[in-house]
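In order, the protein sequences belong to chains A and X. Each number in the numbering used here comes from the position in the first sequence (counting from 1) with 4 added on. Each number in the numbering used here comes from the position in the second sequence (counting from 1) with 8 added on.
In short, the hints are calculated from the structure, not lab data.
Quick list of in silico lysine-lysine cross-link-like pairs, DSSO-like style, CA-CA up to 30 Å: (1) K37/X to K85/A; (2) K269/A to K112/X; (3) K261/A to K247/A; (4) K24/A to K23/X; (5) K261/A to K112/X; (6) K112/X to K247/A; (7) K234/A to K269/A; (8) K37/X to K269/A; (9) K37/X to K24/A; (10) K37/X to K247/A.
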Amino acid sequence: MTASPSTGTCTQSAEILQAKCRVLEHLERAPGIRRLALDAPRIVSQAEPGQFVHVLCTPSGYDPLLRRPFSIHYADRDTGKMVLVYEVRGRGTKALAERRPGEVIDVLGPLGRGFGIPETDDGRPFLLIGGGIGVVPLYFTARTLEARFGADRVTFITGARTASLILCQPEFEKHCRDYHVCTDDGSAGFHGFVTGRMCQCLDAGEMCAPPIIYACGPTPMLKAVSKLAKERNLDCQVSVEAKMACGVGACLSCVIKVRDGDSFKYVRSCHEGPVFDAGEVIWE
Amino acid sequence: MASRLSTTIAGIELKNPVMVASGTFGYGKEYQGLVDLNRLGGIVTKGTSLEPWLGNAPDRIAETPSGMLNAIGLQNDGIDSLLADKLPWLRQFDTAVIINVVGKTVEEYAEVARRLNDVEGIAGLEINVSCPNVKHGGIAFGTDCELLGTVISAVREATTLPLIPKLSPNVTDIVRMAKVCVDCGADALSLINTLLGTSIDPETRRFRLANITGGLSGPAIKPVALRMVWQVAQAVDVPVIGMGGIMTADDALEFLLAGATAIQVGTANFVNPSATMEIIDGLEAYLDRHGVGHISEIVGTVR
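In isolation and in its complexed conformation, chain A is listed as follows:
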């Protein structure tokens, strides 16, 4: 079996905007998980699945100083609404969690290269793998795949430590043909890692053809998914995460290690990424 030629990640947006976006809704979805809906028509009109926005979480003051990057959960071209789903984890997200509907938030975006979604249909199905909060950008991806190729072609596997940490289940179930849960502790669905469930999917003929894989989640998961994709000669794209300052490619903070001939180089996850071809990345 030979893999089809790589689809490549999507290109960066022609124009990056610094927009003042009004908060439409801001609700707790699960303990420590919030859903923020922003009125962002100009960003939404350009956004592609897998891209991110860089958000000034503090309305004023210098602590925390830097913006925080968030994957776009969904961009609704009809209404101009952009949805972010995030985990309240550090000082930036705690400050963001305080912002109320009607307030205005400074947002840079859309940024980076998202998932490369085929322009033309070669019949392959799509296998989306999301670990923990990593499911966030895959919703926009699933919706885009559904609109272009039909939900029948989209399979989603999500993993988390335990059942209560499985996120956005109803949304994914609505827009994917198959939706599979994996938990490390066996409290829901498949007892084990997403790669275990992936092997079942691939071996049991659940996919109509060798799929294109899109993955986002913790680094150990991405590493394992990449390894499996390589063993099975499958086209696989991964969305990575790194500490970031500017978000636009200037500061060279957010680099990851990728292959460069026989050697390696550092490339910007904000500009060349955050989505990379799995074969390019050198996992540490």
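Use these hints to put chain X onto chain A, whose structure you have.
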């Protein structure tokens, strides 16, 4: 109106005193669309070396109270890429382009300066002397009087372009370092570069930067920078470009009042890409509010 903000540094004419600091703005293209490059007084490019530099392993940054530490390791594509791609693109803009020069040896600094000497579209060279000297156990050129003098003299011989050393604040007496540079032929001085620091994560008991130490920037360092600019501006006869934590027009004004002829905006570009534009507008508004005819009238006028 714009002429009220015009200024001159070492023969380089700037439409206003607001420049972007090296390493915070790439080669300009990264901020295209977010910033009107034609409105900037000047662009100081990412530090550029003779050969491409790989940079440090990640993590390369750590956020600190009102600041950030960085240890990028001066990753850059080298002078050939600057000359072939980056500079030709920058030439379309009506702004002063200053190339920041880095090196691991005195010879490397001089060679980069020599190769840039007759290139069209370069207004001047800013010399980053905070690089480690590989022949002297990695000590930064800018923290040793003798090494600093050697590197500035070598670059001076290699170029007729305006020469602007960027001083390291990690020294006992910055005025002494400033005088060494002027004695060796500097036409102006940029200060300050970042302050050396580190950060530890108590949970993991590890340093937050892979490089262990990094350079502190942002509002946290502004009082230190302002003090140094004030001291140096009084002690030397060449113009001083002030930087260190400038986020707003009021911050910029503090540096001008302390004696800086121009200023650079660095970390603020990451937080608010519009910072430079807002600072230019704020300087205009200040002149109106205080009935000042020209920005040069306020330089060094702190009472």
